[in-house]
Each structure stands twice: as C-alpha cells, then as structure tokens.
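Q: Here is what each chain is made of, one letter per residue.
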Amino acid sequence: MSSDRQESDSAIHEDDAGTVTRGLEERLVDSVKNHDGVSRRAVLGGLAIAGGSAIAGTGATRSDDDTGDSNDETMGFGAPGTYTEEQFDPHGFLREFNTGDSTNERPSRFGENDYNLNAGVYEENGQTVREFNFVAVPVEQEILPGITFPMWTFNGQVPGPTIRVEEGDLVRVNFTNGFPDMAHTIHPHLRNLNPRMDGIPQNGPGLIDSGESFTYEWQAQPVGTHLYHCHMLPLKAHVHRGMYGSMIVDPKPENVRENPRQYIDYHGPITDEVREMAAERARSRNMISHADYSPEGFDGIDEMVMVMNGFDTNFDGDNEVYGVNTRGFCYAPARTDAYNGEWEAGETKHPIEIDGNERQRVHLLNTIEFDFVNSFHCHSQFFDYYDAGTTLFPNRKTIDTVLMCQAQRGILEFDYSNHEPGLYMFHAHQSEFAELGWMSFFEVN
Amino acid sequence: MTTDPKSDGGVAQSPNQPFGLPRWVIGIVPILLLGLVIGGFVATTPLAGVDGGEPLPDVSIDYTTLPNDDTIRLHVTNNAPEPVTISQVHVDEANWQFEMTGAGGDRTLEPLESATIEIPYSWMEGYDYGVTVVADNGATFGTTIVAANSSPGLTGQVVWTLAVIGVLIGIVPIALGIMWFPFMQTMSEKWLNAVLAFSAGVLGYLVFDGGFEAFETAQSVPSGYSGPLLVVLGISGAWLLLQAVTDWLTDDEEESRLSLAYSAALGIGLHNLAEGLAIGAAFATGRTSLGMFLIIGFMIHNVTEGPVIVAPLADGNRPSLAHFVAFGLLAGSPAILGGWIGVSTRSPLLNTLFLAIGVGALLQVVFDIGDIVRRSGSIRAAPNVMGFAIGLLFMYATGLFTL
Ligand SMILES: [Cu+2]
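Order-wise, the sequence lines are chains A and B. Be aware that the first sequence starts at 1, since it is given in this note's numbering, and climbs by one per residue. Be aware that the second sequence starts at 1001, since it is given in this note's numbering, and climbs by one per residue.
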C-alpha cells in the first residue's frame, strides 16, 4: 500500500549534514585513492588523525562519560505503557474453553458482540451435538499499548473463541455474517466428510454474504488441537485480520481403550499396560469438557491456549507487532529491572501465573501471516511435544524449541516442579518476533 | 486609437462613480460576495458527497542526535492537518521504552507541532540503526541513523575548535584574496571588467551550488513547511530586499560601488555561514574528523572570494582600510557563527533558510556586477564573457576538491 500508513524507511532521510560530510570524505577519498597505494581506510584514518592534530585544541570531542550508575537504570527494551481497551482479555482467553454448554455461559466480555456463543449440548440421532453461535464483526482491537488494529473477527475477538468438543460429536455452528459489506466463511481443519461443510468459496453454500446466515455441521474428528479460519479471498487479508480460532477435539477414554493404535504412534505390542496408559492420557486430555471423567477431582493439569499471531499495522507486507493471543508483551511483566532482577506486574500486562506442582498443557497454534514460520521456546525447561495433538504419546520428547509453519499446531506438556519460584521466560525464537511483542513469562509459584 | 469611452450598449457610466455608487462601496462588494460564497460553501457542505476519508497521518523524524552512548534522541514533527499520537517506538525492529517531551506532556502531536523522543538505548559506535515511530493506528515513520557517533553538543572545546576552523576557512582566505586589491588597481578598465566578470562567474557558481544544496536540504524539512517553496521564498526575498536596500542607500557611483562591495561581502558571508553550518552539523553528527585536507580545500576555494568583494572598488579611489577589515569580517566570520549554530541546532528548516538567503544575496550581487560592467563596457565583450566562464570553471575545478 502506497499512501496510508506509509513506512518512510525506504526514503532514508539521513541527516543532511551527515550527507554533506560523508560526501566530503568520499570525494576526498576518491581524489586521494588514485595516488599510489593509498587505501580508503588509510585516508579516513589519516583524516581522523590529521583532524585531531591539525586543529589547535581539538581532542576527542566525543564525550566518554558514563551516564551515572548503570545499576539504577531499568532496561529500555519493551513496549512502554499499559493496555487501555478492555474488550479483550488475553488472560481470560488463555484458559477459556467453550463446550457448547449454555448453562455454563461465559461472561459477556464483548458486549453486543458476544452473541450467545454457547448454544447448547444435546442428543440427536444418537449423537451428541454441540451448538455454537458465531458472528463475523469488524472490531478495533488493541495490539500494543496505545495501538489499535482494525480487525475482522469471529464474535468480536481475535483469536476467535476456542471451541472444545469430544471426538464423535457433531459440531453445529450457526454462522451469521455481521459485516456491512464483506463475505466470509468458516473453514475447519477437521476430517470433514461432507464437502458442503468445508467452508470454502467453491463448495456448498460458498461465501456467506453480509447479513446472511448458514449453519455448518462438522464431525469432531480426529482428536487433536485444530484450527478454524475464514477462507474468503484474499485469504491473506482475512487470515491476517484475525478470522481464526482454535477447536480442540478431546479423546474418549473408552474409544482409546478399545482401539489404542489409532491414538498412539507406537509399533510394539499393545499390552494391557500400554492400553491403560493411553486411556489414562485420554482421560487427562478430556477433563476440561468432561468433569465426569474425573469424579474424584482431577486437578493436576493446567491447560492453556496460545495462538501465535502478528499484525502488519502499516500494510507493507511485514508485521510490526507480534504476539501470542494478539497482544504484544501482554504476558510479560509491566516493568523489569535488568540489573537487580526486580519486576512489577501491571494491570494489563502481567506474567501467566502457574502452580509449580501442576502439569502445564499448552495448546499452541500458529496463525502468523507474512512470515513463513513461528516458534515457541521456553527458558530453563524442556517439554514433550504432540504434533497437531493427534497422538496421545509425544512425537518428540524433551525439546525446548518447536518450529511451526502457518496453521501448524500442537500440544506442549511440561512442569516447573523442580524449579525455584519466580519468572521463567518463553518466546518465539525468532529474535525479531520476540522483540516486537512475542515474548512472555510464566510466574511459577 | 480613440480615447472616447466605449459604450457596451448599456447605460453610460462615470468612471469615478460606477453604478452611481461611492467608490469604496464598489471596492468592498467583491469581498462581501466572497464572504457570502464561503459562508454558503461551509453551510451547505457540497463536498460531503466526495468525502475522501480522514487525512493521512504524516510524521517526520527531522533529525536524530546521540547525546550519550545510552541515548538516542529523535526530533519529530507532525506534518498532517490532524493530531497524531505516537504510541510506540522501534529501534532496529524491536519495541523500546521512550520518553516524549515537547508535546504538552502527552504523546499527541498537534498539526505542525514538534517534539523530542528520548530512547534509552545503548548504541554502538559506527553501527547503523533503524528507528521507527508507530502511531496509534499502526502507521509507521522511520529513518536510519548511519554510522552512529556521539553528538557533542556545544561544549567549550567544540566552540573553540569551530572558531579555529571558521577563521581558517572563512577569514584567512578572504583576507588573502583582498590583498590582490593593489594589483587590481593597476589594471586597465578593460581587464578590470574582465576581473569583475570573473567575480560574477564565481558568484554565479555559488548561486547554483548553494541553490542545489538548499533544495537538497529542503527535502529534510518537515513537509508541512513546504521546504522547496521556502527555498524559493528565501532566495527571492533576500534578493529583492537587498536590491531595495542598496538602491535606497546609494545614489552616486562611488558610494554605489562601496555598497556593492558590502553587498558582495554580505552575500559571501551568508554563503560562508552555510558552509559553517555544514561543518557544525558534521560535528553534531559526530563526524569530527574534518581533516586538514578538507580545510586546505576550503581555503583554496574561498580565496577567490576576496578579490570578488573588492573588485568593484578597484576602478575608483581606495576606501579607508577600515572598510577592508569590515569586508573580511563580514564575509569570513559567519563561517564561525555557522559552525556554532550548526552544532547546536540541527534544524533542517534553519539550514535551508540560511542557504536560500545566501543564494538570494549572491544573486543580487551578480546582477549588480552586471550593471557595473555594462556602465563601462559591454557584457558581451570577449574578455568579460571569458572572465565569467573562467570564474565558473575555476570554482568547479576547486570545488572538486572540497564542497
Ligand atoms: Cu473473512
């Protein structure tokens, strides 16, 4: 884009005086370098010496004094200020799972854009149906303190609401396009047996126009942490602007016990022990949507959803803000003292508090646009990784960094039980992403 | 040609009382009608149908300074007709803390308001740094600090150093050039005219040299101030003002020649002020290695400016020596002043204005020299044309070594 939000980086306005001087030096160097064996470096070096010695009283004019006691300085890195817009709370989003249960309604966080998301759980033709209401609406959402971005959203939030269902369920999504002038769709990353429900322009209802509604019905399979997003063209724009969210399909322990090979990447003999281990893992995965799987109370797991994303605020095809769950630095301390290790939590910017005795399960999704890959790296810790969450035994054990292409997702499991209480950083291990917002902390208690 | 008033077929009118109304009424009518039209325009908002949306934000980073090795300072201006809020700052594509001063205590810049952004950043000498300010709507405005180096500010040592450089490149060569005066007095009128034409060539070169540079620095002027137009105004304003003053001051030939010499000295002084600004600004960007070679180059370049000033006087009686001292100081010392201004304020606006005024002053002198030559001969005489051309070429040749 040429005019609005133009990045004037390209037209480098160097200080004119610097240009003049550099011009002078260049010209001098050029005029002198043709003389026998005088190198450019020698000329410039000679200039510096000549300049210093030839002019009476000229010493080094650069001031070398250290500005005070650096121990008192706070580190300058990070985005100053706090978030002011309250319509989206990334801390609330982190642990919010919507199962369709309308009796367990979430607080109306988005006001008129909340649209009664959980529409009910019921039986139909011997199948459990979980029904949701989705509305596409444009919303300005704050992505860094003081900076808003014009989002295209599902239900007024980016990322869109996290849906959590059980394998074998029917997911029914009543989608209404609340945009005044733009068509959208919802495309699920599921094993979807009906092409009409793929949510693309070419199939079934195609594009859902402004004011129109359509009910998508999806089979909840396979087990895993999945993604849904708008598939309207230009795809890049609709994804970048925020039309995505996560859909978690939990395994049924009895299915796993019956047919463990489907759920584990394991080629040895299926002993009773392996069978039970897999079923137990399924049970642990499923406790959120099914409290009845842990009648005696199962509280050893802390589950979180982290959607890695970025925003190209000046529309030059390169992101200016990176984050997990949309806001840059929102899970980082409001203020740190780089030298004394002291830090402060803010109202709107504070680390994720976790219990050192609980196992942490992070559903990680990458919806970054304009960059090929994103990554997750945690400090002082290693995790087990389940690619796409489709297996119950980890695909990779004991890693501290995972790389993800766009739409790639997985489950990370780790705990800080051996660690001292305090701050533990995690961030994208693309330094640029980290320094532009994708940098966060766990506060282990 | 007839002087009879022509009728358009209507009522014959008295030229003093059109439509039988008093003159002042007729004079005021168009203004009243204009008010009516503007009022109607505002009231009916006929442009509502072609509303192009909000004006685009436009913030410039006018210049950057590095006061110490833990600080980057940005000087920003809002060029757009709407206020803009600076919400974040990037250094090399990383969010950084910053303090903003000069915008009334907040981070919102009113139209044409300027402010200073201070970033606590430990930069390293010689590296390039990309700095970007991010507005509340995500628009970004950036610049690059090339080969970072401390900006010294106006310390005692810098004042002294710039004074020495100013004397060396300003006063010394001009004083040396003025010493050609006795030699010039021995020249015939024909050859003196050629020397005058040579001076005009020298000054003409400086007009273009300074003019181009003024337009170049105008690029860095906050766009709200329309840099290039400022150059045009500066040049024409200085020229016309100087012309008016010299015309008003002088009637007789002798005095007019003296005043022309002063005009030339003033014009050259303003030119040297700009040279000083460039040197001071170079100091301010930390490029303190303006070597001996450069100073010698400037001296050779500027030595021609001396005879240019006194050439108009060579034809008549020698004025008192005090005048010659005044010429040297007027033409040479602004180099010192320029250095001091350049190192303490890094404003491209001021820089551009000084350059433009200098060009205007030089232009006036060129035309005055043309008048003198015409009074005692023809501008198109071969020695004069050659003199002018040699003046241009000479400056171009010496300019190859310096500015
Ligand atoms: Cu869309």
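Warning: the hint list may mix true and false statements.
Unchecked claim - Part of the chain A face toward chain B, derived, beta carbon under 8 Å:
(1) GLY76
(2) LEU144
(3) THR148
(4) PHE149
(5) PRO195
(6) ASP198
(7) ASP400
(8) CYS405
These aren't lab readings, by the way, just hints derived from the structure by calculation. Note that CB positions come from ideal geometry on N, CA and C, so glycine has one too.
Q: So, against the hints stated earlier in the document, which numbers end up violated here?
A: 5, 6, 7 and 8
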